[in-house]
Amino acid sequence: GNSVTQMEGPVTLSEEAFLTINCTYTATGYPSLFWYVQYPGEGLQLLLKATKADDKGSNKGFEATYRKETTSFHLEKGSVQVSDSAVYFCAPWGRRALTFGSGTRLQVQP
Amino acid sequence: DAGVIQSPRHEVTEMGQEVTLRCKPISGHDYLFWYRQTMMRGLELLIYFNNNVPIDDSGMPEDRFSAKMPNASFSTLKIQPSEPRDSAVYFCASSLTLRGHNLDTQYFGPGTRLTVL
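For the record, the sequence lines run as chains A and B. Taking our numbering, the leading residue of the first sequence gets 17, the next gets one more, and so forth. Taking our numbering, the leading residue of the second sequence gets 3, the next gets one more, and so forth.
Misleading hints may appear alongside valid ones.
Counterexamples of contact, computed for chain B against chain A with all Cβ distances above 10 Å [to be verified]:
#1 13
#2 15
#3 20
#4 24
#5 28
#6 32
#7 64
#8 72
#9 74
#10 76
#11 80
#12 82
#13 89
#14 90
#15 112
Cβ-to-Cβ under 8 Å is the rule here; a few derived chain A residues that face chain B [to be verified]:
#16 59
#17 60
#18 61
#19 62
#20 105
#21 113
#22 116
#23 119
If you're looking for bench data, these hints aren't it; they were derived computationally from the structure. From the three backbone atoms N, C-alpha and C, an ideal C-beta is built for every residue, glycine too.
Based on the provided sequences and hints, a complete structural model is requested.
Shown next, in the form of structure tokens:
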């Protein structure tokens, strides 16, 4: 089955800093890839996705590119805000369901 | 659209008691998922249904856990008897198949925080 490795958190940044959260995966074939975000006290919600190699998913200033050669889907944002503080989950699509990484907590300080 | 609805939002019970968690998926969605989230184990898929039929329950931890989906708009996750190690946040999610491939977004409910004393 699929597996996901995310960088451990927490990641603590100052407002307007550049963000990278690394994600690598192992999977059969070339699954669709997702980033989900969980704000405090809430359920997960889709942040962005990419369905094939070299696709770039983007939303709310976040971007991630599907890198087939390195089996990676790193999340980036050029300038984080305090409101981006949350837990971020990388998730490749498995045979019939998502496989979630362990999550990376991001803390953005004003 | 009201989104995925879960109830209760919080449940505190004593060890040995039966606990029932409820979920109403988004209308028209044909997949329903139950997840459990803990600090130690992260987010785990417990079971999922397609068109009300359980497809994969390999994530259900043991026989004390059971899940049903009697119709397209309702599902339950039951723990009997409950134990302190069952304390976690339980999420329900639903999604819609597109063109025969379930590659679409999963929509999560707000979760039920269960505490077993």
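So, going through the hints one by one against the coordinates:
{"no.": "1", "hint": "13", "result": "holds (16 Å)"}
{"no.": "2", "hint": "15", "result": "holds (21 Å)"}
{"no.": "3", "hint": "20", "result": "holds (24 Å)"}
{"no.": "4", "hint": "24", "result": "holds (15 Å)"}
{"no.": "5", "hint": "28", "result": "holds (13 Å)"}
{"no.": "6", "hint": "32", "result": "holds (13 Å)"}
{"no.": "7", "hint": "64", "result": "holds (20 Å)"}
{"no.": "8", "hint": "72", "result": "holds (22 Å)"}
{"no.": "9", "hint": "74", "result": "holds (19 Å)"}
{"no.": "10", "hint": "76", "result": "holds (18 Å)"}
{"no.": "11", "hint": "80", "result": "holds (20 Å)"}
{"no.": "12", "hint": "82", "result": "holds (25 Å)"}
{"no.": "13", "hint": "89", "result": "holds (17 Å)"}
{"no.": "14", "hint": "90", "result": "holds (14 Å)"}
{"no.": "15", "hint": "112", "result": "violated (5 Å)"}
{"no.": "16", "hint": "59", "result": "holds (3 Å)"}
{"no.": "17", "hint": "60", "result": "holds (5 Å)"}
{"no.": "18", "hint": "61", "result": "holds (7 Å)"}
{"no.": "19", "hint": "62", "result": "holds (5 Å)"}
{"no.": "20", "hint": "105", "result": "holds (7 Å)"}
{"no.": "21", "hint": "113", "result": "holds (6 Å)"}
{"no.": "22", "hint": "116", "result": "holds (4 Å)"}
{"no.": "23", "hint": "119", "result": "holds (6 Å)"}
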